[in-house]
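For the sequence shown, numbering that gives the first Met the number 0 assigns the number 0 to the initial residue and increments by one for each residue that follows.
Honestly, I wouldn't trust all of these hints.
Pairs of lysine to aspartate or glutamate, EDC-like flavour, derived with a Cα cap of 20 angstroms [stated by the list, open to error]:
1) K163 <-> D18
2) K269 <-> D296
3) K269 <-> D289
4) K269 <-> E246
5) K163 <-> D177
6) K272 <-> D289
7) K163 <-> D86
8) K269 <-> E259
9) K163 <-> D89
10) K158 <-> D89
11) K163 <-> D134
12) K158 <-> E246
13) K158 <-> D136
14) K163 <-> E75
15) K158 <-> E173
16) K158 <-> E75
17) K158 <-> D296
If you are wondering where the hints come from, they were derived from the structure by calculation, not from laboratory data.
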Amino acid sequence: MSVIMANFRAVQHLSAAIDSVLRQTHDRLELIISDDASGDGSLDVIRAAMARDPRVILIEAETNGGAAAARNRALEAATGDWVAIMDSDDVIHPDRLRRMLAAAGQSGAQIVSDDLVFFGETEAASGRTLLQALDLDAPQMLDAARLMASEGADPTLPKFGYLKPLIARAALGEMRYDTSLSIAEDLDLYLRLLMAGHRWVMLPDPMYLYRRHSASLSYRLSAASIAAMIAAQERLSLSDAPRALQEAGRARSAHLRHQERYLHLVDAIKARKMSRVAGLLLRAPGLLGDLTWSVRDRLARRSESDGARSAQTLSLGGQATPGEGLSLSPPSAPEPAGTWSEPPHRMAAQLSALAARHDLSVEVTDRAALWAAWLLPRYAQMRIDFDTGEDADGLPLPAQTAQ
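When you get a sec, could you build the whole thing from the sequences and use the hints?
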């Protein structure tokens with residue numbers, strides 16, 4: 000298996016991302032880190048990891064070319080039968096790749112994804128998962144029409160383009176990321192894969208911890224990036240596609256053009272070109288509502304802060320110790336591609352929210368709790384309070400302090 004990781008100036012979080020890959024229970028892997036001319040100390044971190052573990056491979060770029068180009072370089076170097084996509088500021092559960100690979104074998108799908116658990120520097124950035132609106136407790140298929148609809152036609156759907164799937168290298172073939180795209184390059188590749196006839200299964204398992212912060216590439220919209228997305232959308236051949244996909248494609252195109260008009264409005268306001276502002280609003284009055292929402296959202300973001308974190312104890316598991324503090328009994332993870340006893344996004348969102356709010360001292364009391372403990376983005380202390388046996392079902396044990 001090849002894990003590909005594009006990196007650009009993520010030195011602050013890079014070590015955690017690398018460590019989360021190298022501790023996988025499926026250890027037959029290579030980690031290909033494609034550094035996009037970071038210049039921030041990232042290369043030192045990567046080379047230190049290479050000295051510790053020969054599975055780490057570095058690809059260096061002399062000039063910055065963007066995430067798509069960096070990922071393409073990693074894809075060219077990949078030798079595994081399966082390719083896992085990961086960002087260099089995120090973290091993955093240690094059992095993630097094993098479970099996804101097993102699910103691929105059971106489902107016959109060429110693309111397998113899991114749920115994303117959001118976490119970040121503030122409470123507002125934490126405490127939810129990408130797929131929670133679906134309330135999944137069992138695997139579900141994703142097709143091209145639904146993927147397309149999640150980007151404009153149906154606002155009730157999660158934005159599936161954020162998913163970080165495991166992809167069969169044979170399915171990719173010569174297909175690569177579109178380097179003209181600085182945003183939504185993932186979505187574009189996923190659409191082309193599904194339109195080529197490959198099958199995608201989504202797992203309810205919340206095993207990808209997605210860091211939300213102001214430096215995330217996903218926040219950097221511009222009129223130029225939207226124009227590139229429109230051009231890429233037009234390159235998709237939808238004339239012979241099923242009706243549902245054609246309709247979703249038209250809706251996304253309309254959504255992108257509306258975003259483009261809005262960004263032109265913002266540019267005109269910044270440049271104090273009031274006649275252009277007036278013209279844009281006359282042609283598209285709905286832009287005023289978008290502008291109002293954007294101002295409110297920006298003010299809300301500015302008011303976000305870590306707040307006063309408090310010390311708190313958390314007893315995790317069915318054998319929770321009575322007394323003061325919090326307790327949570329997570330469901331047991333089923334066999335890969337199996338059905339959970341309850342939707343696991345609830346447990347994952349709770350753990351993310353607690354980690355954002357408190358400096359947690361965690362007591363892990365059973366095996367289900369040990370699996371869940373790896374979903375905590377950070378904690379102050381952790382104690383394993385049960386007999387793990389020889390290998391704790393293959394899971395590594397979390398560090399006892401300061402994560």
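Now for the hints, and whether the structure bears them out:
{"no.": "1", "hint": "K163 <-> D18", "result": "holds, 18 angstroms"}
{"no.": "2", "hint": "K269 <-> D296", "result": "holds, 18 angstroms"}
{"no.": "3", "hint": "K269 <-> D289", "result": "holds, 16 angstroms"}
{"no.": "4", "hint": "K269 <-> E246", "result": "violated, 35 angstroms"}
{"no.": "5", "hint": "K163 <-> D177", "result": "holds, 17 angstroms"}
{"no.": "6", "hint": "K272 <-> D289", "result": "holds, 19 angstroms"}
{"no.": "7", "hint": "K163 <-> D86", "result": "holds, 9 angstroms"}
{"no.": "8", "hint": "K269 <-> E259", "result": "holds, 15 angstroms"}
{"no.": "9", "hint": "K163 <-> D89", "result": "holds, 11 angstroms"}
{"no.": "10", "hint": "K158 <-> D89", "result": "holds, 18 angstroms"}
{"no.": "11", "hint": "K163 <-> D134", "result": "holds, 19 angstroms"}
{"no.": "12", "hint": "K158 <-> E246", "result": "holds, 17 angstroms"}
{"no.": "13", "hint": "K158 <-> D136", "result": "holds, 19 angstroms"}
{"no.": "14", "hint": "K163 <-> E75", "result": "holds, 19 angstroms"}
{"no.": "15", "hint": "K158 <-> E173", "result": "violated, 26 angstroms"}
{"no.": "16", "hint": "K158 <-> E75", "result": "violated, 28 angstroms"}
{"no.": "17", "hint": "K158 <-> D296", "result": "holds, 19 angstroms"}
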